[in-house]
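J.: One line per chain: the protein sequences are A and B, in this order. Heads up: the first sequence runs through residues 0 to 140, numbered per numbering that gives the first Met the number 0. Heads up: the second sequence runs through residues 0 to 731, numbered per numbering that gives the first Met the number 0.
To be clear, the hints were calculated from the coordinates, so they are not data collected in a lab. From a predicted model like this one, the values you see are computed outputs, not experimental measurements. Treat the hints loosely; a few may be bogus.
Unchecked claim - Computed Cβ-Cβ distance ranges for the label pairs, DEER-style: (1) A:Gln77 - B:Gly593: 43 to 49 angstroms; (2) A:Gln77 - B:Pro416: 56 to 62 angstroms; (3) A:Glu32 - B:Ala552: 48 to 54 angstroms.
As the list claims (entries may be wrong) - Listing some non-contacts, in silico: residues in chain A with all C-beta distances to chain B over 12 angstroms: (4) Asp15; (5) Gly51; (6) Gln77; (7) Leu82; (8) Ala95; (9) Ala104; (10) Gly106.
Virtual Cβ for every residue (Gly too), placed ideally from N, Cα, C.
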Amino acid sequence: MMEAKARLSIMLVEDDPAHAEITLRSIEELAPERCDIEHVVDGQAALDRLRGAALPDLVLLDLRLPRLDGLELLAVVQGDAVLNQIPMVVLTTSDAEADRQRALACGASSYLVKPFGEHELLALTQMLGCQGFCIQRAPSA
Amino acid sequence: MVSRQKSDEKGHDVSNHLLDLTSEGLFVLDHHARITFANRAFREACGGALLQDVSLCELVNAGAREQLKSKLDTFLHAEGRSLELQLQLATTTNALELTLTRREGDNDNVYGRAHVVTHHELSAGGNGKTSLFEHKLRALHESELFIIAVSEVDSARLLDVNRGFERIYNVRADDVLGKTAVEIGLLSAEDQARHAQTLHSLGTRNLNSLDLHAPDGRPIKLIMHTAKLGDCEPALTVSIAADVTDYIAAEARGKESDMRCRAVFETLNDAMFFADLQGRFFDVNSAACKQLGYTRDELLQLSVRDIAPTPNKSMQQLFDDLQGTSQVRFASTHRRKDGVLVPIELTLCKIPFHGGFAIAGIARDMTEQRRIEAEIREAHNRMQAILQTLPDLLFEIDREGVIRDFYSSRTDLLTMPIEHFLGKNLCDLTTPEVASVIMRGVNEALENGQSAGAQYQVKGERWFELSAARRHVAAGQPACAVALARDITDRKHHEQELLRSNEELSRFTYTVSHDLKSPLVTIRSFAGMLRKDLVKGDSERVERDLHFIEKAATRMHQLLEDLLQLSRVGRKSSPPERLSLQELTREACEMVAGQIAQNGAHIELTKTPLYFMGERTRMLEVFQNIIDNAIKFAKPKESAHIHISVEPGSGTEHWIVCVRDQGIGIDPRFKHRLFGLFEKLQPDASGTGIGLALIKRIIDVHGGRVWIESDGINAGAVLRFTLPSMTKEEAA
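Please model the entire structure based on the sequences and the hints provided.
T.: Put into structure tokens, the structure is as follows:
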């Protein structure tokens, strides 16, 4: 379980600019003041960042990525004694059970199917022990 | 002198005449026993022939000649004065009683007198000499074969017994003479009384079978004739008996033996018959009647030729065949009474019969055996046909791994001639891995009856699948399995192809489920946010939301177009045709002329005339995408340099088309993803990432191979592909 920190650092690994915007907007909705989000567009860039800078508290990871894809990144992270401490949450469009199993087997902490709602993201952050996330206002009808 | 001589001759004639007048036979022999003189009576007694110079020995039968000669020689060369002898003439029934004498001082001549004894005289014995009758009686009396006994009728006291009596009863005459037959245990008192009564009343008694016991207790069977003798007081009887104990026993044994033979004859399953040399049956058994469909009486009226449809040999010929051999056996045919032909195996042998010979035959009905033989033949032929159609290798292998037998119509699958591996151990013929797989299958079959499914590859080329079954062997034979090795090389290739195809399909499904859904997720999410932003009246956000929605829709359209293009590959839209590499590349360049001009790309086309079979539209797509990619991945702010050439290949890949660029190159870490569907190594590159996937698919469908080599980032890249139909020759 993660301990609550003043600001939460999140790495978003997503090659699709539209999907990145959707995720960023969702996080802003839940905790506008509490997150530092770093966005990278492929698995290899993510791995390079993870190895070169301070570890994020959470990685949100798409599976279909250029160069090193999501599953390959998961496998590398799982085999790394330092990196495998980071919760890795898969965000993907595939709801196939086989893909879910494969991702969990590669070390994913959780698996969210796009499009996901604010409630799902909130439940996820709470499950991972990330404090300070809440739904700012009631969703419009 | 003359008168004196005449007078002598006259005296000689007179004395000869006188000698002819006497009824006594007179003759003279020289010292060789040759007759030098014989008077009329002697000549007539000897059958009337002139006997001058005939040896006396020649008058008797050849059988008696030696004995007579010996007697005469002894007499002629000894001192004796006279010799009496009797001889039976060979030419007549007469016997002669001869008296030979020698005169004092005359050693050259022997003088003989002959008394002729006619057959009648011999029988009657009336002349005081020993008659023939007496001879017969003496012979009978002295014979040990017959019992002759004289006894008193009433008391049965024995007065005289012969040597036969002594031998047969095993007694000495002195011990029994004076005793009664009852006393020495030959008869009971009752039997004796009955015997005496019969003789008194009838005078004789004949017994064809008399059972009694010898004094030593042995049971004896006799045939006996007893006759009362004249009028004597006390009354006497003479008994003559022959011991028939052994004869009766032998006869009984013979009868038993006959009965046993008859029983065997009648219970034989095979037809048996006896026929004379004319082929007429004189005995047949029940099986013969059954086999031929006749009654016994009917068969005994028939001969061999009545039941032999094609008598290719006469009985005499068959009999001749039997000369010198105990039996002959051959296949033949019999015709039944109802006309049906029966195949038989005939065994014939020669047997003595009524002083000559006859033939005994055994005819074994071969119908069932012929049927079984035909079935076996049929089964064998069927098995041969089945084996001929099997595309497999069939081995017989024992537990030790020794190949005991082999069969296959596919000897082309063998890596060595059959004779090189028959009788050899698997371990000496193949690799330990292959031998181990085969022996596992064989041992499993020997344990459980059968095994199937073991696979092995020989010399890295052909694949085989093994099925084995335990073979039943005779007791004492080594356990053995029949192993069937099926060539599954093609299946294996198809399996590998299917595996590859399944993996590809799986990748395709994965890609499609992610990439096609992606724009929809975008549209759906931004539609929701658009609604919120409209409510908030945030026009800047509304504009941005709409931008993402439009872009997603465009991308969705492009993805679907690309998928459709990909799906068209392999669908036969036009027949393959002969294509020229030079023409195709020229045409492709014209189709991407816009990009070439925009980039200022320099393209060097090959001058090598290369031809191959392919679908024109698809192969144009290949070159279009290759040139398009090379331009797209040129170094930033540089024009693309593209060089298309032809290199010689190896093996079945005779020629290789080579497209070289000097672009941004490829990070070797991600080379494996190059040909994936919708894969982009550069996230910001234009297009969906269909290009290389499409190229690979088209080359695959044309049976070729495509690959990319690069020395790394900014080192440029070389795309190569080859097609099996590539040739440098001009039009076929």
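J.: State for each hint whether it applies.
T.: How the hints compare with the structure:
Taking the beta carbon of each, Gln77 of chain A and Gly593 of chain B are about 47 angstroms apart, inside 43 to 49 angstroms as hinted. In this structure the supplied range 56 to 62 angstroms holds for Gln77 of chain A paired with Pro416 of chain B, their Cβ-Cβ distance being about 58 angstroms. Here the CB-CB span from Glu32 of chain A to Ala552 of chain B is close to 35 angstroms, at odds with the stated 48 to 54 angstroms. Non-interface call for Asp15 of chain A relative to chain B: violated, since the shortest CB-CB distance, roughly 6 angstroms, does not exceed 12 angstroms.
Even its closest Cβ contact with chain B, about 17 angstroms, leaves Gly51 of chain A beyond 12 angstroms, as expected for a residue assigned away from the interface. With a closest Cβ-Cβ approach of about 18 angstroms to chain B, Gln77 of chain A is found to remain outside the 12 angstroms limit, as its non-interface label requires. Distance to chain B confirms Leu82 of chain A as a non-interface residue, since its nearest Cβ pair spans about 18 angstroms, more than 12 angstroms. The Cβ of Ala95 of chain A sits about 6 angstroms from the closest Cβ of chain B, inside the 12 angstroms cut-off, so the non-interface label is violated.
Listed as a non-interface residue, Ala104 of chain A keeps its Cβ farther than 12 angstroms from every Cβ of chain B; the least gap is roughly 15 angstroms. Against the 12 angstroms criterion, Gly106 of chain A stays outside the reach of chain B, whose nearest CB is about 19 angstroms from its own CB.
Checked against the numbered hints listed earlier, the structure breaks hints 3, 4 and 8; every other hint is satisfied.
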